[in-house]
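Colleague: Residue-level listing of the chains:
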Amino acid sequence: MAIEHADVLRAAHLARVGLSEDEATGYVDDLSRILKMVDQLQAVDTQDIIPLAHPLDATQRLRPDEVTEHSQRERFQACAPAVTDGLYLVPRVVE
Amino acid sequence: MMQWETVIGLEVHVQLATQSKIFSGASTAFGAEPNTQACAVDLGMPGVLPVLNENAVAMAVKFGLAVDAEIPETSLFERKNYFYPDLPKGYQTSQMAQPIVGPGKVEITLDDGSTRSVRIHHAHLEEDAGKSLHEDYHGMTGIDLNRAGTPLLEIVSEPDMRSAKEAVAYIKALHAIVTYLGISDGNMAEGSMRCDVNVSVRPKGQAAFGTRAEIKNVNSFRFVEKAIAFEVERQIELIEDGGQVVQETRLFDPERDETRGMRTKEEANDYRYFPCPDLLPVTLDGAYVDHQRALMPELPSEKRRRFENQLGLSAYDAGVLASSRAMAEYFEAVKDVCGDAKQAANWVQGELSANLNRENLEIGDSPVTAEQLGGLIQRVMDDTISGKAAKQVFQALWDGEEDSADAIIEARGLKQVTDTGAIEGMIDQVIADSPVQVAQYREADESKRGKMIGYFVGQVMKASRGTANPQQVNSLLKQKLDQA
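Those protein sequences? They're chains A and B, same order as listed.
Heads up, the first sequence is in the numbering used here, so the first residue is 1 and it goes up one at a time.
Heads up, the second sequence is in the numbering used here, so the first residue is 1 and it goes up one at a time.
Chain B extracted, bound-state conformation:
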């Protein structure tokens, strides 16, 4: 049986979070009425001229710096020519020969915590096209040009990935970088990150690449994994049955979970690039690049290392918490309030994440603020409440009952009883009420008593309505039962 190796390269289109379009002053806001954000420049009206958005340039440069890329002093815009109704000018203004971001590299983290590097071939600026709506409009296609001219950064990797999991880890790493930098909202459902995946297979050990297929329309982490898995299987079967992979563009269909060849005309890929006469070369000097570098926040990989080395978190915890900027900032705010990184990490990854997942919320939408969660953890750490009561308090905060853990503890009477006298009183009552169990306990072998004491602990906790300190109950019970 032949052993196959998968080779994957990705082209990721990131929609930049500018206010206005790359070459015009029209808004880029998502969800507006059709064609209300398509101005004369976006529509390709005669006589208009593009003027480049300074923020799109700054965002591209920041991305380049985040992936250790070279930022060339000069970059050029070119025209990529093709005809499609949602491309009003008949060309897409893009970059090819001299892109704004040169070769770089991204560190990816796999599920087992190991890291490796994926090379970036280059990244370039370009404009997005509009949207074609193929629902039936009297037998015609509807065109919405609001998206036309939205700035995109296309990030092209080298074919460095060897499995679907590595490809997903790479996209996640890019997602973390662009959202940390604040250059994109990274919202895949709204199309802020779109992927074209180049996949080929080759016999293990062979140096030359196999023929690749390009899969378009892959717009979620999960779809990337599924599309690659399907495509690899298809190519291997094809070759093993004596066939050959054809270089082509395929479309991923998430409903059927398969890729399909697109009907493409022979000349479809003849884009006849040439320098755009409407745009001059863009020059960026060292001072500009240094200025952008100074504006950059701490990046995910730096944060991960700091969480591990300075806060003493495990590699796994550090990786999860640093994976998104919102999560990292929330965690750090909780830690600052409660003063304990490990506890803060446990609560954010445990109770909080479980609740967010269950209700399908992002951390930014959490009904429990970092301030509130930090306050709750403080009360666990100073023994005001038990761990069990803390979960109740968390749920009450989540449901918005009161606006602080202290208020909920007060309102529900959850303050832990640590007064030995009070606990002893409850224990004496339980012992008096359970003569049969007490006799059994005292006759039992020492080795079995540990298990049997659970009954008494339960009764005391019940009597205290959960407010007795369980450690104290345990040790006092043991003393009293063993006394006889």
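So that you can see chain A by itself, here it is in the shape it has in the complex:
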């Protein structure tokens, strides 16, 4: 599977990563090589293999349903660019 310039720009936009035209061109080559390797892997018969969800062979531990965290709003908001009335302020978003 070949990757095109537009695919790279689209992936970069989805991840909100800024790329220059030169960088994008470089990634077209890099990503194409990675995909070629994936193509090679596709040749293996994985019919009866259960997809691996996690490399650790363990299951999720659960935690009791208890409130253990209390407000540290002032500390968290100390590094926020703008706050008012306890709210974080962000550039206006319109739906």
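What the hints contain is simulated information worked out from the structure, not anything from laboratory work.
Each hint can be trusted.
Covered stretches of chain A, as calculated for chain B (at least 3 residues, CB under 8 Å): (1) 60-72; (2) 76-82; (3) 86-92.
Keep in mind it's a predicted model, so treat the numbers as computed, not measured.
Ideal Cβ positions, reconstructed from N, Cα and C, are used throughout, including at glycine.
On the provided structure of chain A, position chain B as indicated by the hints.
Modeller: Leaving out everything else, chain B in the frame of chain A:
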């Protein structure tokens, strides 16, 4: 004229009634000061790790069992990636490929009492996002992340509903199940149940589905019905005018009673799901599932059948009383005190519901307790008071005048007079005071007398200040008037 059929599928987000969040120990209590319940995990601070809340898992499993669903041994959490300021991590931790609840079914009851089954495609656990406040904060948007990380169970139906009424019946059935199970408070006004509605139309008889629109932001039973009605009309008109329905997300505006297309960017739906590396697969063995099953209360459909078969209530009464757990428990408590299911059902659905509706109260807020209402019904059944006096007593209980029906009956002197001698004395007085009416009555034809006797009954009841037993007054009056 083309006949159209509506096809509806629903995605219902139920906020689970846990104390703490799905992946952190922050509180989920509603209405706190902004951002006082958003901890480092909820904010997506660097280096934090999520740990799954065992109660959220138990609640999801109970829901699955209540809808006869398969509970897979393994389920997985995945990341749904998108950027929005109220989603601090840049992804929502959710489930897609292997959700916690597999296919199931819900029985819905329509207005005419008939039932049908709606298939559940699956239900999955996920975290809620925060809230964006678009009021003007110096030209900026305010973000409150208290809700971020609140556990949600998203219940996805198959496109099995064919009318707005069926969709409403389905949501009501889900609402009853989650509130019975105690896994959600079901408070739609506070957003504890939110619906996305998928609607399409197709010519009647056509097997293939039409193109659907997804309507978001539908947060009450009434809005579901209105949003669907509007959307169906819009789609049919569009097609009949030669247009085509576009697959899109629309927003319901309850103020204008219409749906509007949302401005969406092309890549808006490219969520790039992948397994969350911070969370391991969740495994639930048979013993765990059996344990959860053992903890489940009687469910609405079981209760409805028991009310019908064991208590002898009509299908309609049983359906209404079993529709909410609070209502069913209140009714059963009244029945236990007064010993008569039919009377208890009549009072709960009649006088009590009328008063609750008028004052816009939930049954849990009723000023009249089940104990008090049961005590009142007892006094009607043993003829201590008349049905008319009972309504007065109920109102006095409602207004909090005394704390039992007996105390009110005593204080107001409402005890019914059943002593024949006393009633006869009053009747004789009324007859003596009404010579004209008595003469008219006695001249009248037998067929007209039934109506005319009402005047005398009224006078006697007035003389007794409503305490005479009306049946006795009636028969004694008839004897005396017909004697002449």
